[in-house]
Amino acid sequence: MGTNSVVLDKIRCIVVDDEALIRERFRYAFPLEEHGFEIVGEAEDGEEALELCRQLSPDIVITDVVMPRMNGLELTEELKRLMPRVKVIILSSFQEFEFARKAVMLGALGYLLKVTSGYQELLEILGQARNEIEADREKMLLSIEERKHLQDSQPLLRKQLILDIRSGAVQSPSKLNSTCDFVNWHRPEAVFMLGMVSIDRYSALSQTFHPKDLSLFKYVMMRIIEELADSKLCCNVFDWDRQSIGLWIQLSEACSDQEELLLFYEHILHHARKYLPFTVSVRISSEHRMAAGPQAWPASFGSAFGELEELKAELFYHGHGGLHVYGAGAGGGAGVGLGGGAGTGAGVGHGVESGGGARTGTDARAGVGSGGGAGNGAGDGEETGQQTLPGDAQTAEGHTHGSALPELPDPVEQLAGWSDPSQLQRLVHDVYIRPVVRMKVRPNELLGWIEELAERWTMADAYSRSRFHSELGDVETVFDTEEFLVRLFMWKQNSSRLSFDQPVQRSEIQKALDYVARHYREPVSVADISDYTAISPNYFSHLFKAQTGINFSDYVTRFRIEKSKQLLRETDKQVGEIAEQVGIPDYKYFARIFRRLAGKTPSQYREEEGFRTGKA
Numbered sequence: 000m001g002t003n004s005v006v007l008d009k010i011r012c013i014v015v016d017d018e019a020l021i022r023e024r025f026r027y028a029f030p031l032e033e034h035g036f037e038i039v040g041e042a043e044d045g046e047e048a049l050e051l052c053r054q055l056s057p058d059i060v061i062t063d064v065v066m067p068r069m070n071g072l073e074l075t076e077e078l079k080r081l082m083p084r085v086k087v088i089i090l091s092s093f094q095e096f097e098f099a100r101k102a103v104m105l106g107a108l109g110y111l112l113k114v115t116s117g118y119q120e121l122l123e124i125l126g127q128a129r130n131e132i133e134a135d136r137e138k139m140l141l142s143i144e145e146r147k148h149l150q151d152s153q154p155l156l157r158k159q160l161i162l163d164i165r166s167g168a169v170q171s172p173s174k175l176n177s178t179c180d181f182v183n184w185h186r187p188e189a190v191f192m193l194g195m196v197s198i199d200r201y202s203a204l205s206q207t208f209h210p211k212d213l214s215l216f217k218y219v220m221m222r223i224i225e226e227l228a229d230s231k232l233c234c235n236v237f238d239w240d241r242q243s244i245g246l247w248i249q250l251s252e253a254c255s256d257q258e259e260l261l262l263f264y265e266h267i268l269h270h271a272r273k274y275l276p277f278t279v280s281v282r283i284s285s286e287h288r289m290a291a292g293p294q295a296w297p298a299s300f301g302s303a304f305g306e307l308e309e310l311k312a313e314l315f316y317h318g319h320g321g322l323h324v325y326g327a328g329a330g331g332g333a334g335v336g337l338g339g340g341a342g343t344g345a346g347v348g349h350g351v352e353s354g355g356g357a358r359t360g361t362d363a364r365a366g367v368g369s370g371g372g373a374g375n376g377a378g379d380g381e382e383t384g385q386q387t388l389p390g391d392a393q394t395a396e397g398h399t400h401g402s403a404l405p406e407l408p409d410p411v412e413q414l415a416g417w418s419d420p421s422q423l424q425r426l427v428h429d430v431y432i433r434p435v436v437r438m439k440v441r442p443n444e445l446l447g448w449i450e451e452l453a454e455r456w457t458m459a460d461a462y463s464r465s466r467f468h469s470e471l472g473d474v475e476t477v478f479d480t481e482e483f484l485v486r487l488f489m490w491k492q493n494s495s496r497l498s499f500d501q502p503v504q505r506s507e508i509q510k511a512l513d514y515v516a517r518h519y520r521e522p523v524s525v526a527d528i529s530d531y532t533a534i535s536p537n538y539f540s541h542l543f544k545a546q547t548g549i550n551f552s553d554y555v556t557r558f559r560i561e562k563s564k565q566l567l568r569e570t571d572k573q574v575g576e577i578a579e580q581v582g583i584p585d586y587k588y589f590a591r592i593f594r595r596l597a598g599k600t601p602s603q604y605r606e607e608e609g610f611r612t613g614k615a
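Quick note: the sequence shown uses numbering that gives the first Met the number 0, first residue 0, plus one each step.
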């Protein structure tokens, strides 16, 4: 930014002199406005001028030296103290030259001789004042930009500091302290804990809210945590990833007031539920020491992060909206767990302590209920007590992250003969969910197995493959996993029936399918079907998805696309005509939907399928 990059339209001036003739000379004898200067006020003495400056906020004050009540020297001193940006120009006579010299020493820009100085001398000193004012404003803007840049960069700088400590890049306490000061953080104390506050069901939220809204919600959550911490303890808050907020909690010594810490964590959970459209889950490491020196910091931070990762696996099995505090004392597992209240089941929240010392809280569901779907808490739920889990994998920090995935029964064989949705729910729970809960299987291995299964089953159905892939991204807990597997198994069972001509279990749904087959060329809605079948729209939607594995609107769209495929294979009608004939008159929309479901354009499909049937 150049020196003259800040250009002012008008420079605001006040003239101060006890002689009215002198004031009038500046206002009327000199055409100052032609050069960008404006007389915005006049005063007879320093006191009056000071009050005018408070009211009018001028850029330049042109003042006489000798005046009643407050003279020019006193006015210059007051302006330097109260409004240092204001430039002062002294009016002087020969007899008052020593006064003018003192005024310049006090900070006045320069002086003019009342008798001999003319218009040109005035313009020169005003020009000098303009240059200094513009330079001052440029510095101010640069300072504002630097502060804004620092403010914008602060989240990245704070996270980078945590990463640098963990990697060993910070090698002296003085450097750590100075960096904490720079990013406006509390300096480290003798003992610390790390924590993560994670937004629950972030993938689902991202489908509802704009990314800017999610960023705003997360910013609000960070400010809430900082305000809660300010009144309780030293807690450095940092942005970790799109879903999580990090906590670096500082303690002067090993914390004996666990109740105060628990109250802080509970307030985080409570404020998220009260003020934001989501719940959060809180994970807290055990206490670690900073006093051992920089060489020990990477190991301490690595261990704390390892504990948080282990608690992430615990969170998978105990649900959203809870507090999970790791206990890594010498006794092997002193810790605390709190139920979060975010669950939907009727069970009573309880802590679960693993062999690795992690004690966590549930989301008010006592295990995974059987028979009634995921986590209803009413069935014979599993409870994992203290035990040494077989096959535990050790991380670099020595923390356990659960058991390896055992060989699970072949789902295709298990599905043979099962058709009722409640039977499928029990199959999923008893054969697949119950064993992995009992063994505390590592979540990433379980989800990897499910992803591979879904990919294999939907290989020939691009639409279903995309849908299940998207839904799997929303799976964050074992309860979500059970619900996902039930939907996947239902889809597998019903995929053959979705050829539109085979019966389903409920007569109402078969009646709806027949209606679609007759009326697909017309607009078809849930309201139409609910009137036709005499079922409420909400119950029909629930029943239809339970029977077919997909939403009613998706079914209608797939039916229409299947009909269009038939017409593309068997007729030579134009694609636009076929689109209108199957009930999708918007050609562009039809082509987009067709490509999404078939994996190719209508013209490509006709060319390939016509060639195969000998009709090309």
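Treat the hints as calculated values from the structure; they're not laboratory data. Take these hints with a grain of salt, some might be off.
List of simulated lysine-lysine pairs, DSS-like, C-alpha gap at most 27 Å [stated by the list, open to error]:
1) Lys599 / Lys491
2) Lys101 / Lys113
3) Lys138 / Lys113
4) Lys564 / Lys599
5) Lys564 / Lys544
6) Lys158 / Lys113
7) Lys9 / Lys138
8) Lys562 / Lys599
9) Lys79 / Lys9
10) Lys562 / Lys544
11) Lys572 / Lys562
12) Lys587 / Lys562
13) Lys113 / Lys9
14) Lys273 / Lys217
15) Lys211 / Lys273
16) Lys572 / Lys510
17) Lys79 / Lys158
18) Lys217 / Lys311
19) Lys564 / Lys510
20) Lys599 / Lys587
Now the hints, each set against the structure:
1. Lys599 / Lys491: It holds: about 23 Å lies between the C-alpha atoms, which stays within 27 Å.
2. Lys101 / Lys113: holds (17 Å)
3. Lys138 / Lys113: The hint is violated at about 33 Å.
4. Lys564 / Lys599: holds (11 Å)
5. Lys564 / Lys544: holds (24 Å)
6. Lys158 / Lys113: With a Cα-Cα distance of about 62 Å, the restraint between Lys158 and Lys113 is violated, given a limit of 27 Å.
7. Lys9 / Lys138: holds (19 Å)
8. Lys562 / Lys599: holds (16 Å)
9. Lys79 / Lys9: OK: Lys79 and Lys9 at ~22 Å, within 27 Å.
10. Lys562 / Lys544: holds (21 Å)
11. Lys572 / Lys562: Roughly 13 Å separates the two Cα atoms, so the pair holds.
12. Lys587 / Lys562: holds (17 Å)
13. Lys113 / Lys9: holds (25 Å)
14. Lys273 / Lys217: holds (14 Å)
15. Lys211 / Lys273: holds (21 Å)
16. Lys572 / Lys510: violated (31 Å)
17. Lys79 / Lys158: At roughly 42 Å apart (the allowed maximum being 27 Å), Lys158 and Lys79 break the hint.
18. Lys217 / Lys311: Cα-Cα ~20 Å, so holds.
19. Lys564 / Lys510: This hinted pair holds, its Cα atoms lying about 24 Å apart.
20. Lys599 / Lys587: holds (14 Å)
The structure fails to meet hints 3, 6, 16 and 17 from the earlier list, while all remaining hints are met.
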